[in-house]
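> So for the sequence shown, my numbering puts the first residue at 5; every next one is plus one.
There is no bait here: all hints are sound.
Quick list of simulated restraints, FRET-style, between CB atoms: (1) Glu-204 <-> Thr-95: 42 to 50 Å; (2) Ser-113 <-> Pro-215: 46 to 54 Å; (3) Ala-149 <-> Glu-197: 17 to 25 Å.
Treat the hints as calculated values from the structure; they're not laboratory data. Treat the numbers as computed from the prediction; the structure is a model and nothing was measured. Note that the Cβ used here is the ideal one computed from N, Cα and C, for glycine as well.
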Amino acid sequence: MMNVSEQTRKYVSLGFIAIAIIAMIFLMAGYYKDKSASTDTSEENTPITAMKDKEDKVLVSISTETIQDGLANMGILMTQEYYFTQVENYTKETKIFKFIPSESGFVYSYDGKVMAGIDFEKITISKDEDKKHLTVELPHSEIQATTIDKDTFKIYSEKDSLWNPIKLEDYNMSLAEFEEAAKAKALENGILERSDDQAESLIRNFIGNFPQASGYDISFEWRDSNES
5 MMNVSEQTRK YVSLGFIAIA IIAMIFLMAG YYKDKSASTD TSEENTPITA MKDKEDKVLV
65 SISTETIQDG LANMGILMTQ EYYFTQVENY TKETKIFKFI PSESGFVYSY DGKVMAGIDF
125 EKITISKDED KKHLTVELPH SEIQATTIDK DTFKIYSEKD SLWNPIKLED YNMSLAEFEE
185 AAKAKALENG ILERSDDQAE SLIRNFIGNF PQASGYDISF EWRDSNES
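Work the whole structure out from these sequences, hints included.
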C-alpha cells in the first residue's frame, strides 16, 4: 500500500505533465493561427497579373533609299544573253595594175554571245504611303557587250591569192564586222525586250525580300537610257 507522500508526488507529477500538455496545445494553436494569418496577408498583398492577348499594331514603312542602295550595288547587271554560232564568208578583192582583178577569201565559223543589261545605279524608287504603292523608274536595257569565243574559230576553206594575200588584220577586221552583225541579229530576236522583262522580275524579287515591303504594289516606269 502506497504511503501519502508517494501519492502526493504522483499527483504532483501528473499535474505537471497535464500543464505541459496544455501549454504545448496552446503554443501549437497560436503557431498555426499566425501562419494562417501570414499566408492570408501574403495572398492579399500579392498582385494578380491578368494575361491578356494583345496585338501590337506597328506602322511599318519601307525605306526607298535602302532599296535603291541595294540595287545600285549591283552595278550594270546583265539580264539577258543571246548565244549564236555564225558561219561567214569573208572576201577580199583588189586589182593588180588597176585592171586585173585578184580575190582572196575564206569561209569560217565561230561561237559567241551578245549580252544586254541595265545600269542599276540609274534606278530610282518613289512611294505613296497612303496607297501602299512603289514606283520603280529605270532605263531600258542596252547591249552591253558582244564577245566571240576565239577557241571556236574554224576555217573551212581559204583562197589566198599571191597578189592579194590574207593578213592577220583581215581576220581581225572580219571579226569586228561580224560582231556588229551578231548584235543586229540579237536585236531582231528581241534581246532588249527580254532583258527588260528579266530586270522587272529581278527587281520585284529583290524588293520582295524586304519584310516591310509586304502589302505594297509595284509598278515600273521606263525611260530611254540617255535620259537622266
